[in-house]
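Trainee: The lines below spell out each chain.
2 protein chains.
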Amino acid sequence: EKTAGFDPLRKVLADRLERDGVPMPKDEKERINSVTIVTGSQQALFTITNILIDPGDIVITPAPVYLGMLGPLGMHQANIITVPTDEHGIIPEFVEKAIGKAIEKFRRIPDFIYVISDADNPKGTTLPVKRRKQLYEIAVKYKILIVEDAAYRDIYFGGEKLPPIKSFDKNNEYVAYLRTTSKEAAVLRVGYCVLPRPIVDEFIKSKGYQDLCTSVISQVLLKEYYEKWIDKVLPKAVEEYKRRCKTMIESVNQYFPPGFHTKPQGGFFVWYESDKRGFNASSFLENVALKNNVNYVPGAAFYPVESLGYYYNPDNNEIERIKFPLNTMRLSYSLLPPEDISEGIKLLGKLLNEHLK
Amino acid sequence: EKTAGFDPLRKVLADRLERDGVPMPKDEKERINSVTIVTGSQQALFTITNILIDPGDIVITPAPVYLGMLGPLGMHQANIITVPTDEHGIIPEFVEKAIGKAIEKFRRIPDFIYVISDADNPKGTTLPVKRRKQLYEIAVKYKILIVEDAAYRDIYFGGEKLPPIKSFDKNNEYVAYLRTTSKEAAVLRVGYCVLPRPIVDEFIKSKGYQDLCTSVISQVLLKEYYEKWIDKVLPKAVEEYKRRCKTMIESVNQYFPPGFHTKPQGGFFVWYESDKRGFNASSFLENVALKNNVNYVPGAAFYPVESLGYYYNPDNNEIERIKFPLNTMRLSYSLLPPEDISEGIKLLGKLLNEHLK
Chain R
1 EKTAGFDPLR KVLADRLERD GVPMPKDEKE RINSVTIVTG SQQALFTITN
51 ILIDPGDIVI TPAPVYLGML GPLGMHQANI ITVPTDEHGI IPEFVEKAIG
101 KAIEKFRRIP DFIYVISDAD NPKGTTLPVK RRKQLYEIAV KYKILIVEDA
151 AYRDIYFGGE KLPPIKSFDK NNEYVAYLRT TSKEAAVLRV GYCVLPRPIV
201 DEFIKSKGYQ DLCTSVISQV LLKEYYEKWI DKVLPKAVEE YKRRCKTMIE
251 SVNQYFPPGF HTKPQGGFFV WYESDKRGFN ASSFLENVAL KNNVNYVPGA
301 AFYPVESLGY YYNPDNNEIE RIKFPLNTMR LSYSLLPPED ISEGIKLLGK
351 LLNEHLK
Chain A
1 EKTAGFDPLR KVLADRLERD GVPMPKDEKE RINSVTIVTG SQQALFTITN
51 ILIDPGDIVI TPAPVYLGML GPLGMHQANI ITVPTDEHGI IPEFVEKAIG
101 KAIEKFRRIP DFIYVISDAD NPKGTTLPVK RRKQLYEIAV KYKILIVEDA
151 AYRDIYFGGE KLPPIKSFDK NNEYVAYLRT TSKEAAVLRV GYCVLPRPIV
201 DEFIKSKGYQ DLCTSVISQV LLKEYYEKWI DKVLPKAVEE YKRRCKTMIE
251 SVNQYFPPGF HTKPQGGFFV WYESDKRGFN ASSFLENVAL KNNVNYVPGA
301 AFYPVESLGY YYNPDNNEIE RIKFPLNTMR LSYSLLPPED ISEGIKLLGK
351 LLNEHLK
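Protein chains in written order, with this note's numbering: chain R, 1 to 357; chain A, 1 to 357.
So that you can see chain R by itself, here it is in the shape it has in the complex (with noise of 0.2 Å):
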C-alpha cells in the first residue's frame, strides 16, 4: 500500500482529477486506490515499459516524440513505429493505419500508442477533442493501450482545457493518465497516474522493485499544496509563461527565416521548421548558435535510434526504417523572461539568415 503512495494524497488528486475530466469511482477506497504515485512521472514511463515491453514487442508513438520516452523504450528494445503529426499532433487516421501494417509486418499486436495531448513535448501542439475521441476509438477497437502523457496539463494558457482522452475511459480500461506535479514543483520528484485494472498490480510490484515507495515528505508537502496553495499560485505562473510563450512566437515571426512553427496553448515549447529542407539543425547549433551563446535542441533529438526506429509512411501506406528530416528545432520558452527570450530569438535568427542565404 504504501508502495502506490501516501493516501491523503491520492485522495486529493483523485478530486482533482475528477473536476478535470478523470472518470472516478464514487467510494472513497476506490478513489484512493484509482490514483498510483511515483516518483516522476519518468517512473511511469520506465514502469509501463518494463511490464509490457519485450524485446522485438511494438510502440506507436508521433514522430516526433518525447526523448524520455525513447529511454525505457530503447532499454527495452521495442520496435518504435512513429506516426506523423502536423500543427495539431498525431493524426489518428495514420495511427490506425500504422497499427494494421505493423501487424501484417511484425505480427504482434501493437502494446501502447504514446501520446502527449496537451500542449506536446517537443511540438507544443494540443491535440483536438475530434482527435482525442478518434484515438480513443482505435484503442478499443485493437485493445490497445493508450499512454496519455498530460505532463503540461497544468501549464494551459489556451482557454477551457479540452477533455483529456482518459475522459472518454469511463470503465478504467483503455488509458494509463500520467500526470506530473514537476512543472511546478520540479525539485519533490513526485508524478501520478490513474493505472488501467489490468496492469496496475503488476505496476506496483515493479515499481516497489524499483524504489519502495515515493519520497514521503515530498508526498506530504504535495498534499499541502495541492489542497491549498497550487489553485492561488499556479495562475499566475501559467501567466507568465503565456506571456513568454507570446513574445518567443511573435519573435520568430518577426526575425526568423522563411519556415513552419507551432502556436502552443501550453507548456514550453515552439517547434521550428526551416523552409530549406536541406538545412542541418544539430550541426548548426554546434558550429555557430553556441558559439554566439544561443542554444536550442536540434529535431533529431527526438526520434528514435535507427536500429529500434520506424516511420509509417502515409505516401505509400507503408513502415519504413525510421527516416526524419534535420531543419527542426525545439525552442524553450519557460526558463528565461520575455526580453531574453526576444534578444535570444532575434541573434538567432539573425544567425539562421547569415546561414541559409
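Treat the hints as calculated values from the structure; they're not laboratory data. Among the clues, some could well be false.
[What the hints assert, rightly or not] Below, in silico cross-link-like pairs of lysine-lysine (BS3-like), each with a Cα-Cα straight-line distance of 27 Å or less:
1) Lys-143(R) x Lys-101(R)
2) Lys-29(A) x Lys-291(R)
3) Lys-223(A) x Lys-2(R)
4) Lys-291(A) x Lys-2(R)
5) Lys-205(A) x Lys-205(R)
6) Lys-2(A) x Lys-223(R)
7) Lys-291(R) x Lys-2(A)
8) Lys-223(R) x Lys-223(A)
9) Lys-205(R) x Lys-323(A)
[Stated by the list, open to error] One side of the interface only, derived from the structure: several residues of chain R facing chain A at Cβ under 10 Å:
10) Gln-43
11) Phe-46
12) Thr-47
13) Tyr-66
14) Gly-68
15) Gly-71
16) Met-75
17) Ala-186
18) Lys-205
19) Leu-212
20) Ser-215
21) Val-220
Glycine included, each C-beta is placed from N, C-alpha and C at the ideal position.
Fit chain A to the known structure of chain R by using the hints.
Mentor: Just chain A now, with coordinates in the frame of chain R:
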C-alpha cells in the same frame, strides 16, 4: 550529471565515506563523481540487476537473503544460488565452491555476489574481517562483482567498526558499495553508492530512464544533515537501538524454547531458529502469534522462489534446487521501546513453549 546526484551532497558523502575506510581519489571532481545518488538503495539493487542480469544469469547470495534483493532478481529471472551462513554470516569457502559448481552446472560465470557485511538483514550477523578479505579475494580471482549492501553501517553498536569489503578495492574495480540514509531519514528516500568504473556509466543511464534524478529537495536537506547534524544525533539513536537489542536478546534467552539465535552488533534484527526442526514458523504466525497480537517475519520469506532458487549443499558439494528450514523467524527490535520488546518476547516465548511442548 544531475542524474548522478546533487554535487554538494556527493562531496559531503565522499568525505564521510573516506573516513569510513572507502578508498577515494584525491582530486575533488573525481571524488564527487565517485559517489552516485539513488532513490533509496532499493534503486541501486534494481539498477545493478537491470544492467547486469539477463534471464538465466547467476547471482550468489547468502541463505537467507534480504527480501528487497529477491524482487529485482526474480523480475529479471536470475538463477539465485544461496550459500550457507553461520552466526558470522556467509561462509567464503562455500561461496568459492558454489562459484565453481555454478560454472560447471550453468556454463556461466556468476554476475555478482550479494552480501550485507554489517548487521545483516535478516540474520543480524556481521562478517569478520577475515571473511571480508576472503570474499574480496574471491571476487578478484574470478573477476566477479561484489554488491556490498551496507544499509546498516550507521546503526552499529559493536565497538570499532570493521573495514568494509570495499576498503580492499583500492582501484574501484570489484565492489559496488551501497549505503542509504533511510535508517535515519527514511522519509527522504535517498541512497548513495560507490560503483566500480566498469558499470558506473551504464548504471547512471539506467537510473535516468527510471526517474531522471533523485528528489533535489531531499538531497539539499541531507547535505545539511550529513554535514552538520548526523554526528550529533546518530550516536543517541544507536545507543537506543543497542538497548533494545540487548533487551531482546535477554528476553529470548529467558523466555524462548531451546534454539539458536544471533547476537547482533548492529542493525534491527535478531534471527531465531527453533531446535525443533519440524516447527513451522509461518503457520504458527498465522494461527497463533497474530491472534495474540505478536508479530514477526517467518524466515521462509527470505529465500528465493522454487523456480529460480538454488542451494549450495556443502555436504555433497552440489548445487541443488532451493530448500530451507521452516523453523526460523526474524525478530525486529527497531520499532518498540524495551518494555514492549520484553513483553512481546515473553508472550511469544510462552506461546511457543505451549505449542512445542
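Trainee: Checked against the structure, which of the hints given earlier come out wrong?
Mentor: 13
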